[in-house]
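Protein chains in written order, with this note's numbering: chain A, 394 to 781; chain B, 3 to 471.
Because the hints were derived from the structure by calculation, they are not lab data. The beta carbon of each residue, even a glycine, is placed where N, CA and C say it ideally should be. A portion of the hints provided could be inaccurate.
Pulled a few chain B residues facing chain A out of the computed Cβ check, cut under 8 Å [to be verified]:
1) V140
2) N144
3) G264
4) D324
5) L355
6) K361
7) G376
8) L389
9) K392
Below, simulated DSSO-like cross-link-like pairs (lysine-lysine); rule was C-alpha separation at most 27 Å, straight line [unchecked claim]:
10) A/K741 to B/K442
11) A/K718 to A/K591
12) A/K619 to A/K741
13) B/K244 to B/K299
14) A/K718 to B/K361
15) B/K245 to B/K338
16) B/K361 to A/K626
17) B/K310 to A/K626
18) A/K741 to B/K415
19) A/K661 to B/K338
20) B/K442 to A/K619
21) A/K670 to A/K758
22) A/K661 to B/K299
23) A/K742 to A/K633
24) A/K661 to B/K361
25) B/K258 to B/K299
26) B/K258 to B/K245
27) A/K626 to B/K442
28) B/K361 to A/K774
29) A/K591 to A/K661
30) B/K310 to A/K742
31) A/K742 to B/K434
32) A/K619 to B/K434
33) B/K258 to A/K626
34) A/K742 to B/K361
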Amino acid sequence: MKKTLLVMTVALAMGAVANAPARTKLVTLPDRSSLVTSLENPNATLLYEEREIPLQQGANSIDFAWNGVNIDQNSVLLELLTNPGDGDTATKVISTAFPPNENALTWEVFSPEARTERIRVSYVLYGVSKSTSYEIHVNQKETAGDFRQYLHLSNASGENLDDTVIRVPPMDDLSRSVDSGEHRRFVAARNKELPIQKLYVARPGYGSFLGEDGEAVDLVYEIANKTESALGKYKLPGGKIRLFGDDGLESSIFLGEDMVSDTPPGEKAEITLGSVKNVVLKRRLVKDEQENIRRNTGNSVVLFDQVRQLRYEVENFKDEPVTLKVHETLSGDWEVREITSDGVTTEKKSLGELVILVELPAATKGKPADKKIVDVTFRVKNRFPGEQ
Amino acid sequence: MVYTRAAWRRATLAAIALMLGAAAIAPAKIDLVTLPGRDETELTIYNSQDLTLVRETRTLSFAKGKNEIQFSWANTLIDPTSLQIDFPSAKGLVVLDAVYPSNTSQLVVWNIEADEPTSAQAEITYFASGLSWSADYVVKANAAETEFSLQQFTTVRNNSGEDFNDAVTRVVVGEVNLVELIAELARRGINVGQEEASRMVLADAVMEADRMDMRKSRAMNAPAPSIAGFSGMRMEAKEIVKKAVSEYFLFAVEGKEDIASGWGKELPNPTVTAIPFDLSYELDPRRYGDQVLKFYKLQNTEKHKLGKEPLPDGGYYVYSDDGRGGMRFEGNTSSKYVPVGEDIELNLGSDGLVLFEEKIQGDARGNFDFDSSGNVIGWDVTRTVTLEIKNSREREIPFKLTHYIDGDWEFAKVSDTGYERVDQTSVRWNLKVPASGTLKIEYDAVIHQGTRSKGIAPAPPAPMPRPRR
Numbered sequence: 394m395k396k397t398l399l400v401m402t403v404a405l406a407m408g409a410v411a412n413a414p415a416r417t418k419l420v421t422l423p424d425r426s427s428l429v430t431s432l433e434n435p436n437a438t439l440l441y442e443e444r445e446i447p448l449q450q451g452a453n454s455i456d457f458a459w460n461g462v463n464i465d466q467n468s469v470l471l472e473l474l475t476n477p478g479d480g481d482t483a484t485k486v487i488s489t490a491f492p493p494n495e496n497a498l499t500w501e502v503f504s505p506e507a508r509t510e511r512i513r514v515s516y517v518l519y520g521v522s523k524s525t526s527y528e529i530h531v532n533q534k535e536t537a538g539d540f541r542q543y544l545h546l547s548n549a550s551g552e553n554l555d556d557t558v559i560r561v562p563p564m565d566d567l568s569r570s571v572d573s574g575e576h577r578r579f580v581a582a583r584n585k586e587l588p589i590q591k592l593y594v595a596r597p598g599y600g601s602f603l604g605e606d607g608e609a610v611d612l613v614y615e616i617a618n619k620t621e622s623a624l625g626k627y628k629l630p631g632g633k634i635r636l637f638g639d640d641g642l643e644s645s646i647f648l649g650e651d652m653v654s655d656t657p658p659g660e661k662a663e664i665t666l667g668s669v670k671n672v673v674l675k676r677r678l679v680k681d682e683q684e685n686i687r688r689n690t691g692n693s694v695v696l697f698d699q700v701r702q703l704r705y706e707v708e709n710f711k712d713e714p715v716t717l718k719v720h721e722t723l724s725g726d727w728e729v730r731e732i733t734s735d736g737v738t739t740e741k742k743s744l745g746e747l748v749i750l751v752e753l754p755a756a757t758k759g760k761p762a763d764k765k766i767v768d769v770t771f772r773v774k775n776r777f778p779g780e781q
Numbered sequence: 003m004v005y006t007r008a009a010w011r012r013a014t015l016a017a018i019a020l021m022l023g024a025a026a027i028a029p030a031k032i033d034l035v036t037l038p039g040r041d042e043t044e045l046t047i048y049n050s051q052d053l054t055l056v057r058e059t060r061t062l063s064f065a066k067g068k069n070e071i072q073f074s075w076a077n078t079l080i081d082p083t084s085l086q087i088d089f090p091s092a093k094g095l096v097v098l099d100a101v102y103p104s105n106t107s108q109l110v111v112w113n114i115e116a117d118e119p120t121s122a123q124a125e126i127t128y129f130a131s132g133l134s135w136s137a138d139y140v141v142k143a144n145a146a147e148t149e150f151s152l153q154q155f156t157t158v159r160n161n162s163g164e165d166f167n168d169a170v171t172r173v174v175v176g177e178v179n180l181v182e183l184i185a186e187l188a189r190r191g192i193n194v195g196q197e198e199a200s201r202m203v204l205a206d207a208v209m210e211a212d213r214m215d216m217r218k219s220r221a222m223n224a225p226a227p228s229i230a231g232f233s234g235m236r237m238e239a240k241e242i243v244k245k246a247v248s249e250y251f252l253f254a255v256e257g258k259e260d261i262a263s264g265w266g267k268e269l270p271n272p273t274v275t276a277i278p279f280d281l282s283y284e285l286d287p288r289r290y291g292d293q294v295l296k297f298y299k300l301q302n303t304e305k306h307k308l309g310k311e312p313l314p315d316g317g318y319y320v321y322s323d324d325g326r327g328g329m330r331f332e333g334n335t336s337s338k339y340v341p342v343g344e345d346i347e348l349n350l351g352s353d354g355l356v357l358f359e360e361k362i363q364g365d366a367r368g369n370f371d372f373d374s375s376g377n378v379i380g381w382d383v384t385r386t387v388t389l390e391i392k393n394s395r396e397r398e399i400p401f402k403l404t405h406y407i408d409g410d411w412e413f414a415k416v417s418d419t420g421y422e423r424v425d426q427t428s429v430r431w432n433l434k435v436p437a438s439g440t441l442k443i444e445y446d447a448v449i450h451q452g453t454r455s456k457g458i459a460p461a462p463p464a465p466m467p468r469p470r471r
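The shape of chain B in the complex, shown without the other chains (with noise of 0.2 Å):
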């Protein structure tokens, strides 16, 4: 029996050819006369690896006795040693086994002995390459700065090379570990030998759970009840579904998705709106640098009118409103994944409208100590010292001001504005600094040296550093 080549897929993914009856892998590749569409597509994506699970559902149809599957792909990366099909409502079907013929490297047939004629629905899966995900948020906050809007978008890419029709989306939050690059395996393709094979087992049982897990979450997958008169248009932004996995958190796009290859889609979030944040005027040179940075701050809780689920780590882009019936871009900026519960800080740089100034104003020695030949082996320095923090802004702004002073020291004397002993080198206030005014601090610190200092080594003198011509 000889098969021709039915419609062939512009990205050749997924030609599937059933040999009816035939008792051993012929020597030519032969493919169904009519192909089987694809009944369902799921794409479940991972953004922490190059990475995405694919399930496609076809129904075939079994003669009875031996019968071959032949899956065959181009222009797509595929890891073939993650390929797997599997008959999860049918009876009467073994899949004996799967070849990887020596003559190509992107084809996989499978031989499937049936107990009679029958007709089945097929889940393939595999591991592919050149889909991706990210979380995109925008952030748009009253004049005042005390709420702002917040939406999140899905955005997902598709540079696989393969077309997806009406495809379920899923996307997953959370550091999958893999031991080789996908895309490094589908170009490498099957080598068969002792590692290879150790590797597809290993394949196989990360694939089996992943396809248990796929099925627990299947019924989130429901397609979106089309509303009347509007032919399927859906009158909603998609909901998309959030669901914790193990330690992975599923996002499941409500629905289903044309994404062409090369092109990219944005799914948003409803908006949540009028959540309360905290605006912050910080500054603390060893984490930031010696820039003044705003920031908005809050924390994923419900609180904050948040907290149902995990925010992925993406990028933000920040607006408020500019008071003349505008907006002012505010910055953009990037989080890293927030649990719930977890603090969001929000970092805009620097606005230019807030200064910090550091000065020293007295550096006094006193408090010797000699040993008994009469050398100096300690010593107190008593460092005087002002900040000033200068707003620029026509409105009092909150200011955290993270300080360090190195060694043993403490305080002998300090403004009245209140502080936290941070740890043993660093300080910090929590400040109002006025509108368009200054902000003055100014504290005596003792810093032991030598034998004054605690549970230090004496150390000779340190020459002061001389200043600059």
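Here chain A stands alone, though its shape is the one from the complex (with noise of 0.2 Å):
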């Protein structure tokens, strides 16, 4: 199913202009020499095309048509690659001319001798469309993975792409053909043994406090794009990502799946594969007061610090030692005043958050896990009245 055509005329009568009823005279149709697809530019796809074509001296017509395909007709270029420039001895192109009512247009061409030239006709089509995905096989110890990278191509352009140089740096270039309405799926890049960090991750809302019930726990891998990693040359486009776990049966188990954004060089992708059941949190507000209270004549209360002492009841019923990360939301002006327990570290990653490292032991068999209690006291200078 081809639509697009490009259609060697010669206007034999000389000076004959583009738009003459010369376009319909037929000479040869140049055989295609090579089709690049470059889908570099994230918003459209640019095809171009290389082919020989004899050339008179004199006039020539060329024509470009297509058909149930959607080109950008201002898109559409003719390079001239054997004979480019101004000199005399250059071939030109005069003038481009587009009829009325067709996909179609005309290039009026001048070769100063008879001739094979070489064009290059380039165009912005629509239709082709890409996107990422991932997929790693976690190994049985969760500490590595076989990671692959996979760009997908979509062709509903209506013009099956033949034989096409796919160009999607920084891969290398792909031959393939990619037919219209037909979907493909590359290799685009694969480390056998990606470093996985597994974590447990809890985000509870801010002032929401569900005590007894639990917040949710959710289980995370993180992956580096960095060299250290046997990546981080390039940013990891945002895309879908499986992963699958070996069960050591020889066989594999689907974990889960998330989106992940784009992931710039020297950055952490998180994988969230949804909440656990053996690691359990229960968060609590065990204070709240006010301190270094200022008032005003009428006694009412015009500044203050708060204090807020949160507790977090962590226990874990797994068989190994786990790493708890509560990304604690906050507001106004904030410091953590105190913590109390051990083997606990904390990250200011913004003002409106605190990561809380929790480290936890392996629960022993046959015994209830240790449960693990952090008090962390928060002070939040300066509030006015009404702020929480």
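Now that you have both chains on their own, put them together as the hints suggest.
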């Protein structure tokens, strides 16, 4: 199903113009010597093809027509590769004519002598889209995985891309055919031993303390787009990622999937796979007081420091030590005043987010899991009345 | 004397009938047996309005006394109030009046008084609707994105209903004011009344001024010389002569063109090569939104191998060498009219390879002012912010960051990267972001509130926004 057509015509009468009836005089249909489908631009697909065409001395017309494909007419460009330029010996495009009610155009090309010219015709084609997905087969220890990055190509353009070079840097060029209506998936990158960090992550809501009901704890795998992970050279485009785990029975199970956003070099991506039951977090507000209160002459509070103590009761029912990562949402000019437990570290991500990492020992078989209680006291300075 | 209709063009524009020695308008419309062909047609096409000034030249014969020239059209939108006839090189010919008969709206009859029998070249001018032109540009940058070639194309589209053959084509850049649309005037035709009469007077004045301009610029429109051995086929792409006229800019295409009705025709200008430009990634949220955009920037100056004439507004298709022997589509964009000396900014959109992240790290209040009742009436907020630019390209990139901080503020501390305080609310950094790396800027800005703010009336304390759940 070929929807674009390049036709060589020669205006038999010298000096004929491009929109003359000579456009119907087919002389040769030059073979396409190469077709490149460039998907580098995130919003548009560029196709360009090169052909050798015989030119007669004087005026030549080259028709380009399409039917049933969505080509940006203004983008269609003819380049002369063998004899470009403005000199006397150059081949030149004199004009381009656009016929009425047709998806077509005609180039009027002048050649000072009969010869063969290599031309490149390029155009922006709509309907070809690309996307990225990932797959990781995680080892039994959940420390590394076989990582594959896939490029998906969907061709809804109406044009068969026959024997095309598919160019999506940083991938190497691929030579394939992608028919209209076809969806193809290519392996864009692979690392059989991608290091993985397994985490348990809770993201409790601001001001929402579920107490005995417990907070949701998600299983998260963290991968790094870094050179030590044999990545880190290019951005990992956003897309769906699926994880499979080695079940120890010479097979695997599906662990879950997530959407990851663009991950630039040097950054980490978190893959959230769903809630877990073997790590439990109960979070309570155990103190909410005001300090350094300043009042006006009417005895109303005009300024105060807010002191909040949050309690995290954490239990690990797994037979291995785990790290629980709590993303705590905060507001105001806060600081951590006190942490009551060992094995806890904090990292301020921003004014609105504190990450608390709690190391939990493995559960002992036949015994109840040790409950670790962590009290974290925050002080928020210079609150105005009404602020929480 | 009865004349029969001669060859009638497809679009039936400009049938000219000549009644020799007629004393008055005859009741029946009569056409000349031999239709005088156009000696020359000139199209002056505007891009700011649906307006084309058509000037056609025909050689007519006159008998002594009163002659009638009849001009009719069909399937073509012509403003009848704009029709004029003139004899610039003939003596003894006087246009007595122009008559728009009541029973047809697409016909005019000029009464011409001739001192003696003569043959003269008549210039007929009118405003037509349906022709348009646009400027398009193709930019091809080298792989290093330091230089590009630029080719400008002038595209004329003819939806007028009339074929124009061997037409001198000129296009005009600039905003021209019209009291009424030409297409509307053409559809309405002549409706004789006071209002219409005044319009016609106005149209006459405008037309006369245009005719004077045309005569001045006619020298530019000489046909291109033929190249021996190629039967008139041009060896060069047509030169497009450019000339300033008042506040407008005229682009005259060398030679003559055939532009059939319904067709468009694109004419290339010579390519300007090796134009130096600046690659720039930019973030300016209030101007462009939250995405980092890629730009090619230069000036319409001789330093950038341009600067000879303004660049008409138009669409740009931008490509670059992909370093693999092929080309990369950088994007298509449009640019406004660029006068000589003005900046050219080609906004290529986001290539997704440069990301920006802003994080507020602190918002500390202090330096409180209290009124006599002990209420807070002023304070400072020290806002600690990190700005991160993450570059996924394998090359260092220039990055222009325009960042906004509202209110009365000053920096208490800022990364040693150099910045420019543009105005009260904006600050700008011109940065270099390392290849496949991240550049971080940190600052503390003290923002004065209430009585602490200069010249701003005290405001009641506003609660801090609560974070989203």
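Against the structure, the hints come out as follows:
1. V140: holds, 6 Å
2. N144: violated, 15 Å
3. G264: holds, 3 Å
4. D324: holds, 7 Å
5. L355: holds, 6 Å
6. K361: Cβ of B/K361 sits 4 Å from chain A, so the hint holds.
7. G376: With a minimum Cβ separation of about 3 Å from chain A (threshold 8 Å), the hint on B/G376 holds.
8. L389: Violated. Min distance 12 Å.
9. K392: holds, 4 Å
10. A/K741 to B/K442: Cα-Cα ~16 Å, so holds.
11. A/K718 to A/K591: Distance of about 11 Å is within 27 Å: holds.
12. A/K619 to A/K741: Between A/K619 and A/K741 the Cα gap is close to 22 Å, so the pair holds against 27 Å.
13. B/K244 to B/K299: The given pair, whose Cα atoms are some 24 Å apart, holds under the 27 Å limit.
14. A/K718 to B/K361: holds, 20 Å
15. B/K245 to B/K338: It holds: about 19 Å lies between the C-alpha atoms, which stays within 27 Å.
16. B/K361 to A/K626: Holds, because 25 Å separates the two Cα atoms, which is no more than 27 Å.
17. B/K310 to A/K626: The hint is violated at about 44 Å.
18. A/K741 to B/K415: holds, 20 Å
19. A/K661 to B/K338: violated, 42 Å
20. B/K442 to A/K619: Holds, because 18 Å separates the two Cα atoms, which is no more than 27 Å.
21. A/K670 to A/K758: With a Cα-Cα distance of about 17 Å, the restraint between A/K670 and A/K758 holds, given a limit of 27 Å.
22. A/K661 to B/K299: violated, 34 Å
23. A/K742 to A/K633: This hinted pair holds, its Cα atoms lying about 25 Å apart.
24. A/K661 to B/K361: holds, 17 Å
25. B/K258 to B/K299: Status violated; Cα separation ~35 Å.
26. B/K258 to B/K245: holds, 18 Å
27. A/K626 to B/K442: Holds: A/K626 and B/K442 sit about 19 Å apart, inside 27 Å.
28. B/K361 to A/K774: holds, 20 Å
29. A/K591 to A/K661: Holds, because 13 Å separates the two Cα atoms, which is no more than 27 Å.
30. B/K310 to A/K742: Cα-Cα ~54 Å, so violated.
31. A/K742 to B/K434: holds, 25 Å
32. A/K619 to B/K434: Given pair A/K619, B/K434 holds - Cα atoms ~21 Å apart, limit 27 Å.
33. B/K258 to A/K626: violated, 56 Å
34. A/K742 to B/K361: holds, 8 Å
In the structure shown, a violation is registered for the earlier hints numbered 2, 8, 17, 19, 22, 25, 30 and 33, in ascending order.
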